[in-house]
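When you get a sec, could you build the whole thing from the sequences and use the hints?
So the sequences go chain by chain: A and B. Here this note's numbering is used: the first residue of the first sequence is 1, the next is one more, and so on. Here this note's numbering is used: the first residue of the second sequence is 1, the next is one more, and so on.
Take the hints with a grain of salt, since some may be wrong.
Simulated restraints, written as ranges between beta carbons of each label pair [to be verified]: (1) A:ALA200 / B:GLY58: 49 to 59 Å; (2) A:ALA200 / B:GLY243: 45 to 55 Å; (3) B:THR159 / A:ILE55: 23 to 33 Å; (4) B:GLY58 / A:PRO252: 28 to 38 Å; (5) B:PRO148 / A:PRO219: 25 to 35 Å; (6) B:SER202 / A:ARG195: 30 to 40 Å; (7) A:SER84 / B:PRO148: 49 to 59 Å.
In silico contact screen, one side only, chain A against chain B (beta carbon under 8 Å); selected entries [stated by the list, open to error]: (8) PHE150; (9) VAL158; (10) THR269.
What the hints contain is simulated information worked out from the structure, not anything from laboratory work. Ideal Cβ placement from N, Cα and C applies to all residues, glycine included.
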Amino acid sequence: MRPTVVRAPSGIAAGTPGQVVAIETIAAARPGLLKRLPSSGVAMVGLGIILLWIILALLAPLLPLPSPTAQDYQAIAHPGPSWSHLLGVDPLGRDTLSRLIWGARVVLVVAPASVLAAYAVGSAMGLAAGYYPGFVDGVISRVADVILAFPVVVLYVVLIAAVGASALNIVVAVVVASAPAISRIVRGLTLQLVRQDFVAAAHLRRESALFILVVEVLPNCRGPLITDFCLRLGYTVITIGTLGFLGLGIPPPAPDWGGMVQQATPMLTVYPEMALFPVVALVSLVLGFNLLADGLNELSRAD
Amino acid sequence: MPVFLIRRLLALVLTFVAASFLVFAVTQFSPSDVARETLGAYALPEQVELLHEKLQLGDPLVVRYVRWAAVLLGLRKDPLDNPALGLNITEPDGGRFFGNFGYSTLFRVPVNDIIWNRLGNTAILAGIAFAIIVPLSMLLGILAGMRPGSPVDRLLSVTSITMTSMPEYAIGVILAALFAVWLKVLPGTSPLAAGTGWGLPSQYVLPVAVLVLYDSGYVARMVRASMIDVLGRPFIRTAILKGLPRRRVILRHALRNAMIAPFTVILLQVNWLIGGVVVTETVFAYPGFGQMLLQASLFGDIALIEAATLVALVVAISTQLLSDVGYWLLDPQVRA
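Structure representation (structure tokens):
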């Protein structure tokens, strides 16, 4: 799922569909969106899948699993599922189930860390652009335009290939690629919110710009942002997997789902399940985030 | 209109300059170096040092960028294209022409000799996929949007949310396992070469299928949302109350208006499709543009990376421009 909502063409700014949606969602996002979560079946299924992976990842050191980097040379001859390796082994004889569960730890740390960092940068950019029209807005919006003009995967490939593959560089690449999109959403919301009475009241109290943006404006952006956050998490899981598949992911021997698919793909004709297990793991986690986002979206539209 | 277009074109040129500088700057982080790559792994450090000096690679980034841009614009000869260096690199066109992307250190040929061929292959792949995605997702979106909550709508929602949760390589691996490994009806790789035992058309099936499955769900959802939105507007109620048959209301009144928002989305998909193509081509070893970009990036072939990203940007930005103009033409309200 791609995170950008219908983007209004940039040449025609005023009164475009995107902004109408934004106004509606501001009005709709009453506190308690998360409290009403149980009423959405879709969201609960999504949350369940995510929680399952989180629990597995947390329990990884306690589960009776071989080390994710230990090689069982005898199993390489028959790498399919067996009693000693429930989901089989990879081409180097490492236990697939163990690598999947330990790999969940990697992806469940790197993906949220990247998205949070992207949100920190993107929100700051969007708040500044929405609050200071003119020069600041112009500079930030042009920078965002340039980055958003790139096809996303092209940007990732060029960036990571140049700076080298590591967890930190993946976080940096996700920030560079997604902060501009987040900044656009936050800028749109800020433009609407600064015209409202409570911001005028804060101005009258002579609050500083920083206080107004962080305490008055930012919390009111949260409705549309919660959904976007979930979608972006799912999308970032896909991105990390894609980078791994392209050979630009978290470097071996760390267990990385995308990298597992890459290593198993040459053996697809002989042992297709070797590639299919990590694919299923990745798709299930992304599906969890997307279902949760879908449910949240329905909920915020329902009222 | 002309003012709006000229402003957009100007912004476009500025975006190209900024983006190409960005890519140029990023590639400087790469540990490899044009001199080392040109001479190969067996060159002596002194030789590399000498070429490094002759190519003036020690100059500041901006100076080197301007030099590169001058070669691209045909104002300057490619510095590698110099008989005195003894590298045996000569451009057939005399070395000074507009669009000179330089020399690929990975493939050891001028960039222009490789990039257009690869781009052509990708255009065929993406073209076929696009020709299927657009009508298919429109049809599905309209069917689902006509009756929200109906079984068709629910089926589409479930399928599209599942498909959008799948990365391209996941779809690729699953399809290849199904059709190439178990059923053995299609080839698992598409090198577009003779002698693989599979005809050329059959090699397109799986890559195209991946792109279609990957993209259609999203576009269909957009069409559905737009259709529901339009069907709820007063003029549709008027048309129904006027006693028009439902078919006529949908075909004549709703469809035209419902197509405006998805039109933009569909054109912006081109940008998205370029990314999908990089992964899909890697899965199926398809000799296209995306696979070339990945190889160039992994190798650190700056000339080829620059050329490939610029071409990708031209495609992406021109479709955005097209979508803006189309939006302007389709919706009389924005013109006012």
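**OP:** Hint by hint, work out which the structure violates, then give me just those numbers in ascending order.
**Re:** Going through the list in order, the structure violates hint 6 alone and respects the others.
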